[in-house]
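Please build the complex by placing chain X on the supplied structure of chain F, with the hints as guidance.
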Amino acid sequence: MIPKIHFDQEWVDQFENSLENNKGWGNWTKYKMALTAGKQSLVSDFQGLVAPKYLPTLNIYPHQYETAEAVIEKMNGKAILADEVGLGKTIEAGLVLKEYMIRGLVKKVLILVPASLVTQWCRELNEKFYIPAIEQRKNPAWEQIDVTVTSIDTAKREPHASVIKEIDYDFIIIDEAHKLKNKHTKNYQFARSLKKKFCLLLTATPVQNRLSEVFHLISLLKPGHLGDETSFEQKYKEGNDHDQLNQLIQKVMIRNRRSDSGMDWPKRIVQTVPISFSEGEKNLYDLVSEMKHRWSNSVEAQGLAFTTLTLQREACSSREAVFMTLKNLMEQYGENPNVMEELNKIAEQINEVTTNSKAERALSIIQESDEKVIIFTEYRATQLYLQWYLAQNGIRSVPFRGGFKRGKKDWMKQLFRDHAQVLIATEAGGEGINLQFCSKMINYDLPWNPMRIEQRIGRIHRLGQEHDVKIYNFAVKGTVEDHILQLLYKKIGLFEGIIGELDDILEKFSENQFEDHVSKIILDSESEGEIRVKLDNLTSILAR
Amino acid sequence: MQQQEIHQYIKNFFIENESTITEESDGHLFIQLSVEMDKALMNRPFYWHYVEKMGGVPNPMQLNLITDSSKVPEDMKGEKIHFGSPRLHQIFQTAKQLGSHSLLYESVNTNGSTVPLKPWIVLNGAVSYCCDHKKDYFFSIGLSLITGEVIHDFHELIKAKNLQEQIPNYCFTMTPIIRPISGIERIKRLLIEDLEQQDHQWAENARNRQKQDEQLLEAFYEGQEEKGDSYYDEKKAIKSQYEPSINISIINGGLFYFFNHPHHHQGHSFH
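Chains as they are written, first to last, in full-length UniProt numbering: chain F, 1 to 544; chain X, 1 to 271.
With the rest of the complex left out, here is chain F:
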């Protein structure tokens, strides 16, 4: 059957118009130049990528090229891109989009990304790919603008949602798509209702704990690829046919790992920095540690035993962090004289602390050279303190928090790059900034979830990093931190390792499960020895 043939009648009409009015003719040179220009955009083959020819200044890695090619040629433009962090999923998505746009197959594009990444996506598409992507914020013009970048939270709200749902998109990209694994959420239902020809879902953690999550993610992309929900569950729930399932998944998913990307990655140089408490700090730590035993059998204040762990971790960070929690406790237990007595004692001890051993160590590392340094801490109080402390010592730093608005994040990043030596980030600031111009990192306090450490390191250890990456892990001797560092991180070889392996490890746990587990071990154990044995057990499971 011959496909439908369309002929360019518009040109004929213009030509006829010129003939009738004898005007609008181009001379011989212009005619030849027009032909040269017109021939440039022709693509003579279905196969292969022409986009790289249009992007001579972009450094495309082999795995990125192959990914884009496979998405277009083998996957018909519908795929989950699931590379490990730092391998450049954005570049792969940009390449695919560019290729379709050059070939004239895609015009109307919607790109849904976390709010914190909207500006960055826009900039990358414009600067690296010359794709005129426009950020949509307050007064969006969904219908007028061809390439739109926005957050799913904006898009799913009215009045936007109903406009967007009516548009026939040629191409939709959803970043951080693992957030769309639950079909009952508004976000999922919104994504499901969008009209799209081609679609890319980007995620670094594609394989989730439950099979149904895989099912929903793929159904977003290509409904029916895994059959319907009921028969899917029946077929795979007992762990049968997993080979077949994996094969099906691989038809719609590409996952590049660092280990097989064939690239020369900058090294990770990891150094554990043992910290010794000053006398005041040690007394404070010991004082809050006693709370666990004192209140564990008390009905009136059982919660205090749990809080011990928080206070211990905070005492390892800064007295300011302890104080914030203490203040809350005082409000909570104001009616209980016994508890208040103890809390007041802690407050007095806080005043006895005059130095911060970690901060002193951090300062000496910063002062070793002019290199930029990122400090990660879990606590806002510590963040504020550090900023003050560094300023006292003549070092300029900028704060960074997850809660900052987009514009402020960009601004802070710029300040850090151009004007300050140090960036102090809290945990929530870990996602969504790329700081490959910096190669030194201090983990001021250690998170208890190894994936979070990986996300931190991923900020600087990524494509574009030209130097070896130096990571300093602070842990105070003889404290909970020591346990975590010694038993958890060192045994898994986490810092030196590559993420692929970590992903495998963490697939055995869901995010919070892991942290809860560690907390429980430390809380429920009667002795240091018991903690060690239990953590040893945990690590041996992980290391398998």
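Please note: incorrect hints may appear among the correct ones.
Said to hold, decoys possible - Each pair of labels, with its calculated beta carbon distance range: (1) X:Glu214 - F:Thr185: 23 to 31 Å; (2) X:Glu214 - F:Lys235: 16 to 24 Å; (3) X:Asp199 - F:Lys138: 48 to 56 Å; (4) X:Arg44 - F:Gln392: 45 to 53 Å; (5) F:Lys138 - X:Met42: 22 to 30 Å.
It should be emphasised that the hints constitute simulated quantities derived from the structure, not laboratory data. Quick reminder that beta carbons are idealized off the backbone N, C-alpha and C, glycines included.
Frame of chain F; chain X shown alone:
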């Protein structure tokens, strides 16, 4: 296009369009734009509206285009131009508009004798196979409006000839027997007949891919009595993704009057 070709192309483009190259090296072109080029490239309609309404003195902008940054001082300010850069794209688009159709006469020196020039209609364009993939092939077809003779790769034959906008002295044009528009119609029929002769395996393949996706979709909704909007949306999207079609687009074309038959070697003047 190589950087050198781009450099040459841009230079020719601006000279052709009344702009001045005020400075040039192997790696850059500094251009004083003409009013027309400023309007075409600089995207400042309000300025031009204002100047024209107020009768002000137009002050078109200057452009510094760097075609090879390895050949200019490092601190030189300007736009880097390479294949795929937005500015070059814009220049190509403008060039296409300005040379979209032509009415031209072959330059001949008749030594005083009166000679006829014969009309040809020419179309240059692309045939595009579209489905979820796309490819194009170029065509350049000339048709004699006297005899109906058709020549393929026509542009290759005539690109070295001298053509001009005015009828050369002592020349007269033969009246077409086939009207230009009918000539275009003949070329169009020719292209379509040719397409109908071809084996369109690519279209079959696309339809098969479409069928596969449709079957998956049916499986997903199997057993549901009320299929809902998303089923129909998906189905429509699958169709628009894969459905094969062929698009014939015209890059440019023209009505040309030749003294010699286009196959006749160039460089011959009237004897």
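Taking the hints in turn, this is what the structure says about them:
In this structure the hint that Glu214 of chain X and Thr185 of chain F lie 23 to 31 Å apart at CB holds, the actual value being about 28 Å. Checked against the hint of 16 to 24 Å, the C-beta distance between Glu214 of chain X and Lys235 of chain F comes to roughly 22 Å, which is consistent with it. Taken as a hint, the range 48 to 56 Å holds for the pair Asp199 of chain X and Lys138 of chain F, whose Cβ atoms sit roughly 54 Å apart. Between Arg44 of chain X and Gln392 of chain F the Cβ separation comes to about 51 Å, which falls inside the hinted range of 45 to 53 Å.
For Lys138 of chain F paired with Met42 of chain X, a C-beta distance near 28 Å keeps the hint of 22 to 30 Å intact.
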